[in-house]
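Visitor: Chains as they are written, first to last, in my numbering: chain A, 1 to 391; chain B, 1 to 83; chain C, 1 to 303; chain D, 1 to 185.
These aren't lab readings, by the way, just hints derived from the structure by calculation.
Treat the hints loosely; a few may be bogus.
Straight line, CA to CA, 30 Å or less: simulated BS3-like cross-link-like pairs of lysine-lysine [said to hold, decoys possible]:
1. Lys195/A with Lys2/B
2. Lys36/B with Lys286/C
3. Lys389/A with Lys90/D
4. Lys215/A with Lys308/A
5. Lys274/C with Lys261/C
6. Lys145/D with Lys160/D
7. Lys13/B with Lys54/B
8. Lys255/C with Lys75/B
9. Lys157/D with Lys282/A
10. Lys196/C with Lys195/A
11. Lys109/D with Lys160/D
12. Lys157/D with Lys45/A
13. Lys160/D with Lys100/D
14. Lys10/C with Lys13/B
15. Lys157/D with Lys145/D
16. Lys81/B with Lys279/C
17. Lys274/C with Lys156/C
18. Lys190/C with Lys156/C
19. Lys10/C with Lys160/C
20. Lys75/B with Lys270/C
21. Lys169/D with Lys363/A
22. Lys195/A with Lys13/B
23. Lys169/D with Lys145/D
24. Lys191/C with Lys279/C
25. Lys363/A with Lys314/A
26. Lys195/A with Lys215/A
27. Lys270/C with Lys160/C
28. Lys277/A with Lys215/A
29. Lys100/D with Lys45/A
30. Lys49/A with Lys100/D
31. Lys38/A with Lys162/D
32. Lys277/A with Lys100/D
33. Lys54/B with Lys286/C
34. Lys282/A with Lys314/A
35. Lys75/B with Lys10/C
36. Lys281/C with Lys36/B
37. Lys314/A with Lys289/A
Short, incomplete list of chain B residues facing chain A, as computed with Cβ under 8 Å [said to hold, decoys possible]:
38. Leu5
39. Met6
40. Pro7
Quick caveat, the model's predicted, so the values are computed rather than measured.
Ideal Cβ placement from N, Cα and C applies to all residues, glycine included.
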Amino acid sequence: MPVMPLSGNHAAAYAAKLSRVEVVAAYPITPQTQIVEKLAEFIEKGELKAKFIRVESEHSAMAACIGAAAVGARAFTATSSQGLLYMSEMLWWAAGARLPIVMGIVTRALAPPWSIWSDHIDVLSQRDTGWIIAFAENAQEVLDLIIQGFKISENDRVLLPLIVAWDAFDVSHTIEPVDVPNQNVVDEFLPKRRKYRHTLDVENPFSYGNLAYPKDYMEFRYSIYDSMLRAKDVIEQCAAEYDRLTGRYSGGLIENYLCDDADIVAIAMGSISGDLKVVVDKLRKQGVKVGFCRIRYFRPFPSEALAKCIEDAKTILVFDRDISFGSEGALCLEVRATVNREGLDKRVYGIIYGIGGREVRQKDLENIIVKAYKEELNHPRKLLWLNLKHV
Amino acid sequence: MKEVLMPIAYPTKGSVGNTGLWRTLKPVINYEKCTKCFICWMYCPEAAILAEDKPVILYDFCKGCGICANECPVKAINMIKEV
Amino acid sequence: MGIVNILGKKEILMPGNPSCPGCGLALGLRYALKALGENTILIVPACCTSIVLGPYPKSSVGVPVFNIAFAAAASTAAGMSEALDLMGRDDINVVVWAGDGGTVDIGIQALSGAAERNNNIIYICYDNEAYMNTGIQRSGSTPRHAWTTTTVLGKKEPKKFLPLIVASHNVPYVATASIAYPQDFIQKLKKASSIKGFKYIHLHTPCPPGWRFPSDKTVEVARLAVLTGVWILFEIENGRLRLTGPSRNLVDKRKRLPIEKYISIQGRFKHISKEELEKIKEDVDKLWHTLIQYSSKENIEKQ
Amino acid sequence: MGLVEIRWHGRGGQGVVTSAEMLVSAAIYEGKYAIAIPFFGAERRGAPVVAYNRISDTPIRTRCPILNPDYVVLLDERLGRMIDVVRGLKSDGVLVVNSKSVPEWVDRKDIRIATVDATSISMSLGLELAGIVIVNMPMLGALIKVSNIVSLNSLTKAIKAKWKGERMKQNLEAVTRAYNETVIW
Numbered sequence: 001m002p003v004m005p006l007s008g009n010h011a012a013a014y015a016a017k018l019s020r021v022e023v024v025a026a027y028p029i030t031p032q033t034q035i036v037e038k039l040a041e042f043i044e045k046g047e048l049k050a051k052f053i054r055v056e057s058e059h060s061a062m063a064a065c066i067g068a069a070a071v072g073a074r075a076f077t078a079t080s081s082q083g084l085l086y087m088s089e090m091l092w093w094a095a096g097a098r099l100p101i102v103m104g105i106v107t108r109a110l111a112p113p114w115s116i117w118s119d120h121i122d123v124l125s126q127r128d129t130g131w132i133i134a135f136a137e138n139a140q141e142v143l144d145l146i147i148q149g150f151k152i153s154e155n156d157r158v159l160l161p162l163i164v165a166w167d168a169f170d171v172s173h174t175i176e177p178v179d180v181p182n183q184n185v186v187d188e189f190l191p192k193r194r195k196y197r198h199t200l201d202v203e204n205p206f207s208y209g210n211l212a213y214p215k216d217y218m219e220f221r222y223s224i225y226d227s228m229l230r231a232k233d234v235i236e237q238c239a240a241e242y243d244r245l246t247g248r249y250s251g252g253l254i255e256n257y258l259c260d261d262a263d264i265v266a267i268a269m270g271s272i273s274g275d276l277k278v279v280v281d282k283l284r285k286q287g288v289k290v291g292f293c294r295i296r297y298f299r300p301f302p303s304e305a306l307a308k309c310i311e312d313a314k315t316i317l318v319f320d321r322d323i324s325f326g327s328e329g330a331l332c333l334e335v336r337a338t339v340n341r342e343g344l345d346k347r348v349y350g351i352i353y354g355i356g357g358r359e360v361r362q363k364d365l366e367n368i369i370v371k372a373y374k375e376e377l378n379h380p381r382k383l384l385w386l387n388l389k390h391v
Numbered sequence: 001m002k003e004v005l006m007p008i009a010y011p012t013k014g015s016v017g018n019t020g021l022w023r024t025l026k027p028v029i030n031y032e033k034c035t036k037c038f039i040c041w042m043y044c045p046e047a048a049i050l051a052e053d054k055p056v057i058l059y060d061f062c063k064g065c066g067i068c069a070n071e072c073p074v075k076a077i078n079m080i081k082e083v
Numbered sequence: 001m002g003i004v005n006i007l008g009k010k011e012i013l014m015p016g017n018p019s020c021p022g023c024g025l026a027l028g029l030r031y032a033l034k035a036l037g038e039n040t041i042l043i044v045p046a047c048c049t050s051i052v053l054g055p056y057p058k059s060s061v062g063v064p065v066f067n068i069a070f071a072a073a074a075s076t077a078a079g080m081s082e083a084l085d086l087m088g089r090d091d092i093n094v095v096v097w098a099g100d101g102g103t104v105d106i107g108i109q110a111l112s113g114a115a116e117r118n119n120n121i122i123y124i125c126y127d128n129e130a131y132m133n134t135g136i137q138r139s140g141s142t143p144r145h146a147w148t149t150t151t152v153l154g155k156k157e158p159k160k161f162l163p164l165i166v167a168s169h170n171v172p173y174v175a176t177a178s179i180a181y182p183q184d185f186i187q188k189l190k191k192a193s194s195i196k197g198f199k200y201i202h203l204h205t206p207c208p209p210g211w212r213f214p215s216d217k218t219v220e221v222a223r224l225a226v227l228t229g230v231w232i233l234f235e236i237e238n239g240r241l242r243l244t245g246p247s248r249n250l251v252d253k254r255k256r257l258p259i260e261k262y263i264s265i266q267g268r269f270k271h272i273s274k275e276e277l278e279k280i281k282e283d284v285d286k287l288w289h290t291l292i293q294y295s296s297k298e299n300i301e302k303q
Numbered sequence: 001m002g003l004v005e006i007r008w009h010g011r012g013g014q015g016v017v018t019s020a021e022m023l024v025s026a027a028i029y030e031g032k033y034a035i036a037i038p039f040f041g042a043e044r045r046g047a048p049v050v051a052y053n054r055i056s057d058t059p060i061r062t063r064c065p066i067l068n069p070d071y072v073v074l075l076d077e078r079l080g081r082m083i084d085v086v087r088g089l090k091s092d093g094v095l096v097v098n099s100k101s102v103p104e105w106v107d108r109k110d111i112r113i114a115t116v117d118a119t120s121i122s123m124s125l126g127l128e129l130a131g132i133v134i135v136n137m138p139m140l141g142a143l144i145k146v147s148n149i150v151s152l153n154s155l156t157k158a159i160k161a162k163w164k165g166e167r168m169k170q171n172l173e174a175v176t177r178a179y180n181e182t183v184i185w
């Protein structure tokens, strides 16, 4: 398995290639573009036997993936920000049609004003579409989660499309050593896509997605809900199998970093996780009993795993790189729901950080954890905006 | 649920039942006048006329639109009131 | 039995479907499926056909159908045809069956993209000249002065004529057709099926409830549209326009039936004034003029 | 080797990001861990750009911007007149600059300075694109000369893996010449 210097975006392209995708349909948008440029290069050089459809919009990118997946092809696309929102209608379609499609999202803020830098609002706005949503910490995980993504998505008890998201520039353009598995290993992990009952076939004609009256519709939605719950096991199984084949555990619903005896637990998703772990290490050395819980899969939301992880903590700090206007961060809402549902007694603080690429330093993270530890933070109702300029 | 539920709909004659019940006027072929040109068959939007040795109307499904009567070049089809 | 042999006995659109009595699109779909046969996949965006296909778990057609969002028909078909090509299934017709709203308005971006990429699909727009599924609202394809529920005094703008816009993409095949002339339509479908690349057929399908005429007049209205010169039958193959069917003999205006015959049979035009009627006639003349200019000289002389 | 942090300053088109990438590539050959973080602005060719490198013997989890680099590499000497390129550079840290001599604007006494005439080296080798001289390779050669964070041998391997033919030869020549010609003041 060669270690290669790859950006998050190129790691994604290698992952799609190793997954032997058959149809790629994509539209350029910063900071996603290098993924599909690289895939186009693989295809044109004959290194990947696939079709590249140079669509005229993101809406069409997803529609083309849906068409390809409906007749049995393994389809991949990638986008960001405005592109994802423009595509949104088709995300619901892909999930409702139970088509296993994998999509890379390079997280990027929404306009106006224009911003090409990262936050998570684009992805989280698609929370309820029925897509499985994973956040990668680094380029290695981008690669690993995309390959696992096809396996999870194509599991016939799941059959839901899957997003792997990673942060603009912090991951997308950052170049790191990435352990790229050999093709035969990936082939063993991820066999050729099979034909399903709902794969369109002229030998066995049926109409797919015809009008469903109120007496029939609700069960389809229940089935998505049901599959999402089942996906939790499938996600864990895939991570274990991937570990067995590659020697790398790089997946699963959450990452528990020193939470078991922690009084205070920080929760976050995406590229900030590395810095948070460094800060946890530093504070641990100073005797602060702090842990970090990374949410790797936002959908299905890993309530049970999270509840176990934070069982003994008194204080929870949730770092959201998004804001649900009129409420608080989307991740924080999930954590509060979990705490409530499991009957846990915790103080949960919501912190908004990194919106539109706003810089966060390790010192900032450290300060806030120490403040919380010393019980010096304001009432949990007051949402804390990290490094907000005086307004 | 054991299996993923998919919105699959299989081809069925009468997908909304016997649409013949929608009819207020009923086409009746006067086979004495009929020249078996099958223009009625050709223009039936419902595919409710069979092309046998003569055109035969499937009354279970004919919605009574009357195109066949209107298009018949020898006026061999009459639209009569359903009772 | 001549006609029966030409069209074929096999009915892929099944009776007992939820179309309105005298439905023009149902007749068109019946012909299209006869011509294209069972090795066909239909992609249907939101339109009347979404209903005509039948309620889950029953389908009224005997070929695979994929329902898709309003604006996404052409791109979905593009994805399918590329995937099928990769799988070596070049024997399958990937066919979009879309209404005028889904084609000339909300779907035009995806249609233009697929046409420009020359994706191997047959795109059939059945044109009932308004949003009929939602209850007769005007579309870009509604003709001037036609009543709809959103143009209660008649539409002020002329019909957006899509076939020439598609032809501007340099696709291998563009044609118009009418449900009143099934042989002409079927010939065009078979030709389209034999050509690789993007094929576009624009089918005129009158709608009794939407156009306000009795259900037995659907074919008659469609026929009058052609014979008065309002709807012109032609095909454009590799950039060369050729008139087909009765339209071949209607270059000379005097040979056309008076437009009043087409207009007066439909309630949607019942309010129009003399001046408005003249404007409709102007629009028709203008379209003929454009098409004649489009066709090569030798082509016209031959006719 | 502990953690070494490098900040690159240059102009869009000079190859800042590529040199940061090559350093990661060379580090991999030595079994080290490295990361290259381009600070991505919306700027176009010619505008000032920044990139960061971290290199270490242990895995690198930090990705926030580097505030106190061990090395600053400056691909265009004139940028030093516009911006404070040595901001945060550690005491005893090194400024590696594309220049024939020590630039007059350097006002810190606690840092070391290395210079190399990268522009001349690249121009003599024809390393130009669209009117911009690509000086990233000689600057990389200068950096490893003064820092020893990776060996010339590893960098050579990385270059051979990335380019072929004439371009590879030019880049190797540029790195080697700069490696030999760098002056530490």
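Visitor: All the hints need checking, so say for each whether the structure fits it.
Guide: Hints and how they fare:
Of the pairs offered as hints, the one joining Lys195/A and Lys2/B holds, with about 18 Å between alpha carbons and a cut-off of 30 Å not exceeded. In summary, the hint linking Lys36/B to Lys286/C is not supported, as the alpha carbons are separated by about 41 Å, beyond the 30 Å threshold. In summary, the hint linking Lys389/A to Lys90/D is supported, as the alpha carbons are separated by about 28 Å, within the 30 Å threshold. Under the criterion of a C-alpha separation no larger than 30 Å, the hint pairing Lys215/A with Lys308/A is inconsistent with the structure, at around 39 Å.
Of the supplied pair hints, the one linking Lys274/C and Lys261/C holds, its CA atoms being roughly 14 Å apart against a limit of 30 Å. With a CA separation close to 19 Å, the supplied pair Lys145/D and Lys160/D stays within the 30 Å bound. This hinted pair checks out: Lys13/B and Lys54/B have alpha carbons roughly 22 Å apart, not beyond 30 Å. Only pairs whose Cα atoms come within 30 Å are accepted, and Lys255/C paired with Lys75/B is accepted, the gap being roughly 27 Å.
Between Lys157/D and Lys282/A, the direct Cα distance comes to roughly 36 Å. Violation of the 30 Å bound is thereby established for this hinted pair. Restraint check for Lys196/C and Lys195/A: the C-alpha separation of about 27 Å stays at or below 30 Å, so the hint holds. With a C-alpha separation of about 39 Å, the suggested pairing of Lys109/D with Lys160/D is violated against the 30 Å cut-off. A C-alpha spacing of about 24 Å is found between Lys157/D and Lys45/A, which places the hinted pair at or below 30 Å, so the restraint holds.
The hinted pair formed by Lys160/D and Lys100/D meets the criterion: a straight-line CA distance of about 28 Å does not exceed 30 Å. For the proposed pair Lys10/C and Lys13/B, the alpha carbon gap of about 13 Å is at most 30 Å, so the pair holds. Between Lys157/D and Lys145/D the alpha-carbon distance is near 16 Å, which keeps this suggested pair within the 30 Å criterion. For the proposed pair Lys81/B and Lys279/C, the alpha carbon gap of about 41 Å is over 30 Å, so the pair is violated.
Restraint check: the Cα-Cα separation between Lys274/C and Lys156/C comes to about 15 Å, which is no more than 30 Å; the hinted pair holds. Taking the CA atoms of Lys190/C and Lys156/C, the gap is about 37 Å. The hint is violated against a cut of 30 Å. Using a Cα cut-off of 30 Å, the hinted pair Lys10/C and Lys160/C is violated, with the two alpha carbons roughly 35 Å apart. Our distance criterion of 30 Å between C-alpha atoms is met by Lys75/B and Lys270/C, whose separation comes to about 28 Å.
A hinted pair counts as satisfied when its Cα atoms are at most 30 Å apart, and Lys169/D with Lys363/A does not qualify at roughly 45 Å. For the given pair, Lys195/A sits about 27 Å from Lys13/B by alpha-carbon distance, which is consistent with the 30 Å threshold. In summary, the hint linking Lys169/D to Lys145/D is supported, as the alpha carbons are separated by about 19 Å, within the 30 Å threshold. Pair hint Lys191/C plus Lys279/C does not hold up; C-alpha atoms about 36 Å apart against a cutoff of 30 Å.
Only pairs whose Cα atoms come within 30 Å are accepted, and Lys363/A paired with Lys314/A is accepted, the gap being roughly 23 Å. For the suggested pair Lys195/A and Lys215/A, the alpha carbons sit about 29 Å apart, so the restraint of at most 30 Å is met. Only pairs whose Cα atoms come within 30 Å are accepted, and Lys270/C paired with Lys160/C is accepted, the gap being roughly 22 Å. Restraint check: the Cα-Cα separation between Lys277/A and Lys215/A comes to about 50 Å, which exceeds 30 Å; the hinted pair is violated.
Between Lys100/D and Lys45/A the alpha-carbon distance is near 43 Å, which puts this suggested pair outside the 30 Å criterion. Restraint check: the Cα-Cα separation between Lys49/A and Lys100/D comes to about 51 Å, which exceeds 30 Å; the hinted pair is violated. For the given pair, Lys38/A sits about 15 Å from Lys162/D by alpha-carbon distance, which is consistent with the 30 Å threshold. A hinted pair counts as satisfied when its Cα atoms are at most 30 Å apart, and Lys277/A with Lys100/D does not qualify at roughly 44 Å.
Proximity of Lys54/B to Lys286/C is assessed by CA-CA distance (about 45 Å); at most 30 Å being required, the pair is judged violated. In summary, the hint linking Lys282/A to Lys314/A is supported, as the alpha carbons are separated by about 20 Å, within the 30 Å threshold. Straight-line distance between C-alpha atoms of Lys75/B and Lys10/C comes to about 26 Å, which keeps the hinted pair within the 30 Å bound. The suggested pairing of Lys281/C with Lys36/B is violated, with an alpha-carbon distance near 39 Å, which exceeds 30 Å.
At most 30 Å may separate the alpha-carbon atoms for a hinted pair to count; Lys314/A and Lys289/A meet this at roughly 11 Å. The interface hint given for Leu5/B is met, as the beta carbon of that residue sits about 4 Å from the closest beta carbon of chain A, less than 8 Å. Interface restraint check: Met6/B against chain A, minimum CB-CB distance 4 Å, threshold 8 Å, status holds. A least Cβ separation of about 5 Å between Pro7/B and chain A falls short of the 8 Å threshold, and the interface hint therefore holds.
In summary, the structure is inconsistent with hints 2, 4, 9, 11, 16, 18, 19, 21, 24, 28, 29, 30, 32, 33, 36 from the numbered list given earlier, while agreeing with the others.
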